[in-house]
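Position chain B against the provided structure of chain A, taking the given hints into account.
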Amino acid sequence: MYYLFDGSYTGYLTCVFESFAQKEHGAVPLTTDDFREGLFRESRQIVSQPEKAGRVYRGLQKKLGSSGALDFFRAFLSEDRRAWRSSFRIIRRVFDEGAEILSDYGDDDVLYFAQTLKKVSRERHRMKAFIRFQKSSDGLFLAVIEPDFNVLPLISDFFRKRYADQPWLIFDVKRAYGLLYDTRSVSEVRLTSEEREALSSPGTVVSLDENDAHFQQLWKLYYKSTNIESRRNMKLHLQHVPRRYWKYLPEK
Amino acid sequence: MERIGEKLKILADAAKYDVSCSSSGSKRKNTGGIGDASASGICHTYTEDGRCVSLLKILLTNHCIYDCAFCVSRRSNDVKRAAFTVEEVVALTMNFYRRNYIEGLFLSSGIFRDADFTMERLLRIVKKLRLEERYNGYIHLKTIPGASEEMIREAGLYADRMSINLELPTEAGLKMVAPEKDHASVKKPLAFVSEQIQSFRADARIIRHTPVFVPAGQSTQMVIGATPETDFEIMRAADEFYREYKLKRVYYSGYIPVNGDSDQLPQPGTAPPLVRENRLYQTDWLLRFYGFDLEEILTPQHSSLDLDIDPKLSWALRNPRVFPVDINTAGYEMIIRVPGIGRQSAVKIVQARKFGRLHVYQLKKMGIAYNRARYFIRCADSPASPGEASMERVKSSILQNQEGKRKTGLKETQLMLF
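Residue numbers (this note's numbering), protein chains in the order written: chain A, -8 to 243; chain B, 502 to 919.
Derived by calculation from the structure, the hints in this document are not laboratory data.
Be a bit skeptical, because a hint or two may be false.
To be verified - Quick look at which bits of chain A chain B covers, simulated, 3 or more residues with Cβ under 8 Å:
(1) 89 to 99
(2) 116 to 126
(3) 153 to 163
(4) 209 to 215
(5) 220 to 230
Every residue gets a Cβ at the ideal spot worked out from N, C-alpha and C, and that includes glycine.
In isolation and in its complexed conformation, chain A is listed as follows (with noise of 0.2 Å):
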């Protein structure tokens, strides 16, 4: 049984919610998106609640404490549709038999799980370190990236703390939508195409700070300065910078 979502963790709880009254254990969850790619047996729509998906959540709560709750959401939001069958496996199992289960490794849910919480981890940590904002004349710091995992919402705080006395805007232009923070507090934005054209290529439309170009500069300079030729090692670097993320580096 297939059971079809709008794609919002709201929705993939309400999925949980819903094989847990139906009694469909092997019940899949999939986004109608997905669905339309293939033919699929039996599915069903399943409708956002926020009640139902509320409850499921204050019962993971109950029974991992937050932040083991929340790993279910990091899963999720790796969008991973194998991770995603996993979790629903591993929510099930942790209701029936305890959070024991969440360190037994030699299941493959559960050590796939692990596994995913550890790349959508990386990809969060990656996303700290490889933004870079260029600043726009009316002192707006902007800043685009395309992540492997939806992580945008991981990251929101930790920016929002460092970076708390200047505005900025992270966007996702793979998932068409970014983050904004006005000194005071974040908000999720999504903008017009002709919006997102303009931010893809800062300086022709949006116009910058008149000194982002020289920052730039001695950044650049710096990166080149601090390499030690006679240690040269790309194996090394390309492991640690893989070629995906360049696109938004100034320094590559």
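Relative to chain A, chain B alone:
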């Protein structure tokens, strides 16, 4: 504007032989300004040598009154000299930080005029950052040996980490290449800062609003391969410094020949001892995180590390009696001693086996380097072996396996240190 670029080039180039780039260990919060410290540290980019770039690492100046043969900024070296102004360092730091290029500032300096004069300039920069710019990001500051204790103490109130480089692992080595210096002048300020850290911590337990003092602790660096010290001498020095001064890190910096005038040092063009450096870091990790004692790895008799195999494997091959380790019953401290099993895998193994005896396929999935570990472990489905393979055989098959992987371009499984 162009002048600052020129200075940056010279003073970043002169600072890069200091390998410390860690930005971890501090928990400084953003209190009404900009920036904070991330406890785990963040590497914002990597240079083509594979080293992390976390901090804006610069010298305030490369003018120096000393003439240490191994140092690129030595008095007698014919290099371009430059000095930043306080304002320039602050502007670079703030503008790089606000664009998320860096995690903070690493500020060192050549010694101009005298120790106090130099330390006072460094102090002026960190105070301006903290007090005027309200900057709470990471600051790694060099302690200048010989500077007054009052000044060092004040600097400690603004820096996250402080360090002084030991430079050469032994006094004899130091005398060879830097006769104007000695180890005592490094030990004294290290001890002073270490005592201050302890006393601030003790105060914090009683008094609520004790200021933070060097929250990320101290580190030091030794140059490897410039002078003839053995690996045993190097690690004995490191071990002593970890113990005596509660250092957070000892860095080992393979000497990069920057001096053609000294006949005591490797000549320019000589390749830096990168494999040896890596083996020293691996040993350092074994001592700090794997429960090994120095004598198990290096002794005056066995005084150099193997270059072809890592020190844990080398230890295992010398101690066949403790193997095989039974994955399903052995303690964590024994499992982490198995070549090919790291700390994270060991934790997983110990937790997972509560749910049932572990088999080879499960270990492989958990991510252990099975081709290396297989000779040293027993799992639920290990066949009963008629006899033990000799350790020479084990070594040669592991090496062969590594060689094969290298040739086919597969990723080599090796301890990753940073």
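Hint-by-hint comparison with the structure:
1. 89 to 99: holds (count 8)
2. 116 to 126: Coverage by chain B holds for the segment 116 to 126 of chain A (9 residues, Cβ < 8 Å).
3. 153 to 163: holds (count 5)
4. 209 to 215: holds (count 5)
5. 220 to 230: holds (count 10)
The earlier numbered hints are all upheld by this structure, with none contradicted.
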